[in-house]
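With these hints in hand, go ahead and build the complete structure from the sequences.
Chains as they are written, first to last, in this note's numbering: chain W, 1451 to 1651; chain G, 1451 to 1651.
Hints listed in this document are in silico derivations from the structure and should not be mistaken for laboratory results.
Note that the coordinates shown come from a computational prediction; the quantities given were computed from them, not determined experimentally.
Zero decoy hints are in this set.
The list treats identical chains as interchangeable, and a pair is accepted whether it falls inside one copy or across any two copies.
Derived SDA-like pairs: lysine to any residue, alpha-carbon spacing no greater than 20 Å straight-line:
#1 K1609 <-> R1624
#2 K1501 <-> L1491
#3 K1473 <-> E1538
#4 K1473 <-> L1546
There are 2 protein chains.
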Amino acid sequence: MLLPAPIQDLIDAFSRLPGVGPKTASRLTFYLLRAPDELALDLAAALDALKRGTAFCQTCFNITEAGHAECAVCRDEGRDRSLICVVEESLDVVALERTGGFGGVYHVLQGALSPIEGVGPDDLTIRALLRRVQGGGVREVILATNPSMEGDATAVYLKERLTSFDLTVTRLARGLPVGGDLEYADQNTLLRALSGRQAMD
Amino acid sequence: MLLPAPIQDLIDAFSRLPGVGPKTASRLTFYLLRAPDELALDLAAALDALKRGTAFCQTCFNITEAGHAECAVCRDEGRDRSLICVVEESLDVVALERTGGFGGVYHVLQGALSPIEGVGPDDLTIRALLRRVQGGGVREVILATNPSMEGDATAVYLKERLTSFDLTVTRLARGLPVGGDLEYADQNTLLRALSGRQAMD
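Take a look at the structure:
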């Protein structure tokens, strides 16, 4: 017996999302079938509005509401424009903003260099970053790409492109995560924690 | 920094799905943001069409395309109408149909009895099942509710309601799953497999 077309269509659409297999997709579909109509319709409306309602910041390529040229951080006059934190995605901006510990501005690369996935420097917003730095007034660039192969490669590449400018280039510290357990830390993290050990005062 | 409203809306809508936490919801949202527009729009269209395009079979309450009074199984004239397999959900029908080993018809309860969740006999399609049996011509009812607390309780309840009719009531066999490992089987499954052991021929 084949499933009715509207059900199979929704299972197929869910299955195209990352991390959602056919089993999860059909579980979600049958859940929505029994749930109040609003649940499916609200999700449909939010999906419809997603691309129409958002745009990328002209300056830092962070995500912002459509109709704004710049994102909320870039529009904030209290931020230190001489300090640029370079991240892979808008979600990283959210994570850093949540700490409340950063007063500078961002630059969202929209990805990381990955020869395997065919992502080269021109696929990221690297040229725009270099233009911002060329514009002057930048004293430090923090490379906050992920602590992964791709993130590290991207940081090394950016470091090279930035050496000709008169500014400091830094990378986020590596070490044991706060609240983590030494026993469960992987070898590389432990090595980094050892080599980066700091004097206690 | 707050996320733009369209993004937060979609994260909220995803979070209302079962098994989707706020982290998964934002991962899906940011994935859709970067993915081709079709992905989000196709999903939105499928969600919109879900309820409009489907209906419940008048006879067995299985899911079917809107515009059909009966589901594909009930419409099939080759099926044995004297054999009714009672299941909790339409997904169970799909699973049983996939085996190709059942030639009867179904009855979908649309749930299982659960005092904790406030699901009583009137919340299920039990009355309709009794009417079908009263109509005559039924020789066997297979109770194929889940092998869980709720499924078992529902089967026991149905067995009692069906004793007054002249028919056989059966329950799906319990035991070790095919391809499973005895070592990893839980105690209850092993007990069932022992007590239900069969002579080899």
